[in-house]
Amino acid sequence: MAEGGRGRLAGAATAAAAAAALALLAGGTAGGRAFTAEAARRLDIAAAPRALPEVVLGDPTGALVPLSAYRGHPLVMEFVYATCPDLCLTLGTAFERLDTLLPAGVALLSVSFDPADDTERLGWFADRHGARPPRWRVAAIADPAAREALLARAGVVVIPDGAGGFVHNAALYLVDGAGRLVAVFDPEDTEGVRAALAADAG
Amino acid sequence: MRARTQAAIGAGLVLLALLPPVAGRLEARLPLQVLGQYPLLVAGGALAGAALARRHGRGAGWSAAAALLAGAAVLGFWMIPRWIDAAVALPSVRTLRALSLVLAAGLPLGWGWALAGPVLRGFALANAVPMLAVTGWILLVVPARLCNSFLVEDQRLLGRLQLALALAILVAAVLRALAGGPAQGAATDRRMRRASPPIASPQAPRATNTSPSGIGSRKP
Amino acid sequence: MAEAQAAATGGTAAMDRGRTWVVLYLATTGVVILLMMVFGLLMRLAQSEWIVLDPAVFYQLLTVHGIGMVGIAALGGIAILWHFLSAHVPLRSAALAINLVLFLVGVVMILWAVFIGGFAPAWTFLYPLPAISGGVWEPWAGVLDLTGVLLIGVGFLILCLEMGRAIVASQGGLGRGLGWHVLFGGSTDKPPAPTVVAGTMVVIVTTLALVAGATIVVMTILNLLFPSLAIDPLFAKNMIYFFGHVFINATIYMGVAAVYELLPRITGRPWKASRVFLGAWTLSTTMVLIIFPHHLLMDFAMPRWTMVLGQVLSYVNSFPVLAVTGLGALAIVHRSGIRWDLVSTLLLIAMFGWMAGVIPAVVDATVSVNYVMHNTLWVPGHFHFYLLLGLLPMIFAFMIHLARDEDVTARGGDLTAILYLLFGLGFVAMFLMGGWASVPRRWAVHMPEWLVWDRIATVMAAGVIVLAGVFVAIFLARIPRLLRHG
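Chains as they are written, first to last, in the working numbering: chain P, 1 to 202; chain Y, 1 to 220; chain R, 1 to 486.
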């Protein structure tokens, strides 16, 4: 009799623990949609667009342009470093495709997160992919604090790859005319970017 | 006395895992973090939990399964790549993780394990092995880098280590069952043969709850 | 889990409840066996071109027949083992209850997945078949089916853990359950009873099979939900056959408890575990775990040594236990003045079916033969031999034994058993002859020249079903009385 009561108690406690476990794991993954920080970042940005902080962009020609100068038109951004042997090439190629794909009003901006990228190295990247301002600007941010603030706001995580380079969460970033980051896409997903812009315009 | 020693060793393990130079090293690499720091923190909590169960676990056998499940869920939560990244990015999350691995994972796991009988322990292990293996396999085969804060090589290494650990746990559990655990095997065996009334022993609460009066009643 | 505490009701009541559950297990087994046999008959009828069956339905029936028979073989086998083992080690029947509930829920999920979801990749759910259906079924059907399989596995895991706990508690370790203290330690302690040895083997191999099975099933489910998580197909096949081969093998080692317990009672001669007996069981325990590569003899990507191992060990795997059991049975029966009746004849048929069933198995495990025969009807021929003439007679004998209130006085009825043997042999022979003639297995539609074997098999199958129906009916008719007496 007492044993039966203990059995029921154990069953109830286990069921409660199972419910709590399920709630914890579901809550921690946005209901199974976000097992990674990358997925969580995209969900979060899509739900609540993020205003990007002001930074001053220096391009290979030496021109200094504030990010706020892009207000009024949609902007597609990517974060790269000039000596990157792999991922940034994919990103550069994606931008080349976007360059031919997107309407004239949309600007492209490749931002370097590598403090060592000077105007010469930015020039390498620009020349390799045929980037020409104002349509497509390759730029670095001289002020370390401003650079870190922008990377943090956008959720860009850069770690050393142990071989002198960097590993980073590569993506394509869509910024609306109000300077808000509204969506993040896979590096290859140029079609997604085009569709989102078309939907916005239409 | 013994419980106090156990709790002290547990506290030592936790301190070791959180000591700045050690913690820095362990947190620098994904496999060291998950298979080095996590186990130290969980073991620290678990030793305290087991000591607690020894002192205050009388009649609390009903909580064993719930405690094991809750502890496993908390441990599992901190293996989600999103939260591994969050702990790297935010010191507050890192602190919360250390606290919860000790108190919300280790403590209930130690408590539950101490109170669990052999069937529940076996069930927990038989679940842990496939879980470790399957998550290890995911780390190996998923095309993406799951943690922004760690290299993909670390991810693959952790996957392989988890597979090895799963196999090691399985082999150890089988060997132990073949040999017969000292807590479950010999002790309960003697008790059963003597058909003594239930003795509250946290080691084998369920075995002692089983009255053996019916043994052999079906013999022809 | 909750069974821990729920199980803690001890004493006579628990033993009686165990008996009630054993009766329920056998009733479920009997009903499902007949249903699955009818599904088999439908497939043979369709191949005989006596009825028209949509091939999609054929493959659904094939899938359900396969997984249903494997599951029910284990359910019936466990009923036998539990009944006899519980006389040697104290078992808590809550595990039986939990397993039956999980089993039935799993069965409903599988039936739903197959007959409503159209899931039909055969019971082996060999990767990547569940994922690549050619549009015949949706991924959810695969997920549902495999979740059902998983639940059933969890149920059997709990049973194995409970039996393992009881053996460890009463014998002092699974090693002693296998009699290692006598075998290796030269101990003069009493060796474990044959049923305890069989139970220990079942616990060890089934638990390992279930852990491997759960792993690959969860991997397959994840692959269905997230296709980018690709599984190495050769790894998947190894895992699935390790699980499947060991699990279905274990069913006969469960059922053999009926031989160890009933023959001595019938003849009045005890069956003692000698050192040879113990050594044989230990050998088979090891080998049954490592011979599964004989299912992969055609996979040229497998390392050569695994193939050699698979072939060599397949030759010797079954022999130790088979020899000690067969010879032991003969020794007990020889000049015992036994009066043959339904139970003893069924047990003898089981020994014959098990021993003779080894022959087609070993033939198929020979690499050069396997290249030619593995995807022919030879393979179903081999496992139907084992299950239809080896395992099922054990289950039927046990049913009749319970229906006769466990009274072992000879009461005739051996003629039905012999008829069952003849129809069963005829049915199995048609599979083997089909295999000999390279008739492929798992084909819904057969060529005209194969019809003769199909049609003979159909008639034989009908005979088997009638006789199996008689055995099951004898048992079912006694259930009210059995439950009343507890």
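Don't take every hint at face value.
[Stated by the list, open to error] Below, simulated SDA-like cross-link-like pairs (lysine to any residue); rule was C-alpha separation at most 25 Å, straight line:
#1 R:190 x Y:39
#2 R:190 x Y:175
#3 R:272 x R:368
#4 R:190 x R:104
#5 R:190 x Y:174
#6 R:190 x R:307
#7 R:272 x Y:156
#8 R:190 x R:49
#9 R:190 x R:375
#10 R:272 x R:283
#11 R:190 x Y:171
Hints listed in this document are in silico derivations from the structure and should not be mistaken for laboratory results.
To see whether the hints hold, each was checked on the structure:
1. R:190 x Y:39: With Cα atoms ~43 Å apart, residue 190 of chain R and residue 39 of chain Y exceed 25 Å; violated.
2. R:190 x Y:175: holds (23 Å)
3. R:272 x R:368: Distance ~40 Å between residue 272 of chain R and residue 368 of chain R Cα, so the pair is violated.
4. R:190 x R:104: Roughly 40 Å separates the two Cα atoms, so the pair is violated.
5. R:190 x Y:174: holds (24 Å)
6. R:190 x R:307: Between residue 190 of chain R and residue 307 of chain R the Cα gap is close to 40 Å, so the pair fails against 25 Å, i.e. violated.
7. R:272 x Y:156: The hint is violated at about 53 Å.
8. R:190 x R:49: violated (59 Å)
9. R:190 x R:375: violated (47 Å)
10. R:272 x R:283: Measuring from Cα to Cα gives roughly 18 Å; hence the hint holds.
11. R:190 x Y:171: violated (28 Å)
Of the numbered hints given earlier, the model fails hints 1, 3, 4, 6, 7, 8, 9 and 11; all others are met.
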